[in-house]
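Enquirer: Read off the chains here:
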Amino acid sequence: MMLSFISKRFGEMAVALLLMSVVVFLLGRMTGDPVALLLSDYSTPQDQARVERELGLDQPLVEQYGAFIVNVFKGELGNSIMGDQSPAAELILERFPASLQLAGVALLISFLIGVPLGVVAATHRGKTLDFAARLVALIGQSVPIFWLGIMLMYLFSVRLHLLPTSGYGTAAHFVLPAATMSLFTIAAVTRLVRASMVDILNAEYIKLARIKGLPESVVIWKHALRNSLIPVLTFMGSFFANMITGAVVIETVFAWPGIGRLAYEAILNRDFPVIQAVVLFMTALFIGANLVVDLLYAWVDPRIRYGRR
Amino acid sequence: MAKRLLEVENLKTYFRSQGQVFRAIDEVSLHVDENETLGIVGESGSGKSTLGLSILRLVPAARNPLIAGRILFEGRNLLTLSEREMRSIRGGEISMILQDPMTSLNPVFTLGAQIEEAILAHKKTGAQNARSAAIEALRQVRIAAPETRVDSYPHQISGGMRQRVVGAIALASRPRLLIADEPTTSLDVTLQAQYLQLLKDLRAAHGMSLILITHDFGVVARMCDRVAVMYAGSIVETAPVREIFHRPRHWYTAALLASMPKLDHPRGHLPTIDGAPPRLNDLPSGCKFAPRCAQAQSTCFMQMPERQIISPGHDIRCWYPREAT
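Each protein sequence line maps, in turn, to chains A and B.
So the first sequence is numbered by the working numbering: it starts at 1 and just counts up by one.
So the second sequence is numbered by the working numbering: it starts at 1 and just counts up by one.
It is possible that part of the hints are untrue.
[What the hints assert, rightly or not] Facing chain B, according to a computed beta carbon distance under 10 angstroms, are these residues of chain A, among others:
#1 ARG125
#2 ARG134
#3 VAL136
#4 ASP199
#5 LEU201
#6 LYS212
#7 GLY213
#8 ASN227
#9 ASP301
[To be verified] Computed far set for chain A versus chain B, every beta-carbon distance over 10 angstroms:
#10 ASN202
#11 ALA203
#12 LEU208
#13 ALA255
Calculated directly from the structure, the hints in this document are not laboratory data.
Bear in mind the structure is a predicted one, so any value in this text is a computation, not a measurement.
All C-beta atoms in this analysis are idealised placements derived from N, C-alpha and C, irrespective of residue type, glycine included.
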């Protein structure tokens, strides 16, 4: 049962990726002419025609797409048209670990702070602590990421000289970008945990847990929390997506050598093979993250684990 | 003379909300002896469940409760115990079964884990011992193949079985008193009969006392030694079960019994009690039942009658009791 579930999800994932590849391909063709960027202002129409032929840009769109998709299946995502024309796949693999580290640290922070904050808010509903937690959540969800990043950088690096302004390498380099990246998610996790916890604290099985004579801490942090995390998990996939898209901004602000900045650079240079490759890669990540969430879901909630009654 | 196990004196549980006071439990006195089953009967909203939760001091804090009076359990006043002392009472000395078996078990833990937890909360013992005790507890509530069921999750078993597991959890630490709050209301009729028999057998086997909260006089007749009838947060009549059925002295009890369907009058209208119970934030100043009582006189609207004993073990709160016929 579990196996058919996974293979079904993989099928869906393939369809989604294929559709995304069409969008990526068309967007790359619609936003400008790479040939004009590659050649100097003094090139002749003959030069342009030659380059177009070399890149296959003179073919009908459908054929170009066909060639593109065949290459994708072969693992060839095309070469960068900039610099030493390194393969896009290589660029991505080179940059990806840094992005993964940053998103991982940020996600971890979000849960370590957001979950307790949500629990405390729910158990102190209507009191000062609840108000404070909700205020944090409100701020976290409304502050623009790029502004927050710059403000943190200004305060902690420029003014207080506590942390490096930007770059990658030591643990200290993680602090500001990870803090910036996690604030939104902390807020989202806090709100989600609070909402589901408030609901669950009224459940009959919570009453029964108290009737058993369990201490309140066990009632809340074991019986109520495990159930409250189920809806939070649903959003894990979109949190992860937020971190990937947020990465474009944050990695640029903090000069973080990840795929977010790679995407930014590629767009600036209209380096369409790299843009295509990065967007496709991010899509695959996004879908993959959702698949992982579904599997986690089954782990937390036994009602899903067994497929059906 | 049987020994007193629980004695509730003048208990009041009020809820405060938006400047209003809701008198959910209003001057309730009752007692339960060892090895005895006391039924608490009343309509929905009469405060039966709040009474059960008040005894365990588990009235939801969110409702801003105010609890006064005395709840003596083996001579100790539960209302003055610390939270820690109260925890050892809950599950250990007094336990409770809730109404809805479908939502009473935590969906993310196995049956075994939920029973073991109830055992370990009151007894320091190893994981292995707790597990075999959990299997034993399942066997006691007549669950087939308890050795494999112990690892099941609540969604894998039927509603009737779930309610028996709730029973196993409640009884896991051998409490002296079990409060069962409408334990069979959501079960179908054949399961109801089975479950009641199980409760009866376990009560006798463990030598414990039972408070059975119900709205069903059929259940009362089958299970109880004595009955307390509740109306709008007050107990209006308490009597041995035979007295209640044959000689109800309070007009509300009589009206409630008259509205029970009977096999010997299969046709015609079922008698009902006119009107509706009073709102708990706007109770009448006199007898709470007076506005619906056919026999009410002017005194009834002025003042709530005190509890009076009219025969041994039989007390009522009524100015003009029915004749004992």
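Enquirer: Would you mind marking each hint as holding or not holding in the structure?
Expert: Each hint, compared with the structure:
1. For A/ARG125, the interface hint holds, since its Cβ comes within 10 angstroms of a Cβ in chain B; the closest pair sits about 7 angstroms apart.
2. A hinted interface residue such as A/ARG134 counts as satisfied when its beta carbon comes closer than 10 angstroms to some beta carbon of chain B; here the least separation is about 17 angstroms, so the hint is violated.
3. Using the Cβ-Cβ criterion of 10 angstroms, the hint placing A/VAL136 at the interface with chain B is not satisfied: the shortest such distance is roughly 23 angstroms.
4. With a cut of 10 angstroms, the hint placing A/ASP199 at the interface with chain B is violated, because the nearest CB-to-CB distance is about 12 angstroms.
5. A cut of 10 angstroms between beta carbons decides the hint on A/LEU201: the least distance to chain B is about 8 angstroms, and the hint holds.
6. At a threshold of 10 angstroms, the smallest CB-CB gap from A/LYS212 to chain B is about 4 angstroms, leaving the interface hint in force.
7. Given hint, A/GLY213 at the interface with chain B, holds; its Cβ is 4 angstroms from that chain's nearest Cβ, closer than 10 angstroms.
8. Annotation: interface hint on A/ASN227 holds; nearest CB of chain B at approximately 6 angstroms, less than 10 angstroms.
9. Taken as an interface hint, A/ASP301 checks out: its beta carbon lies about 6 angstroms from the nearest beta carbon of chain B, inside 10 angstroms.
10. A cut-off of 10 angstroms between C-beta atoms contradicts the statement that A/ASN202 is not in contact with chain B; the least separation is 8 angstroms.
11. Residue-level check failed: A/ALA203 sits 6 angstroms from the nearest beta carbon of chain B, not beyond 10 angstroms.
12. With a least CB separation of 5 angstroms from chain B, A/LEU208 falls inside the 10 angstroms interface cut-off, contrary to its annotation.
13. Distance to chain B confirms A/ALA255 as a non-interface residue, since its nearest Cβ pair spans about 44 angstroms, more than 10 angstroms.
Of the numbered hints stated above, those contradicted by the structure are hints 2, 3, 4, 10, 11, 12, listed in ascending order.
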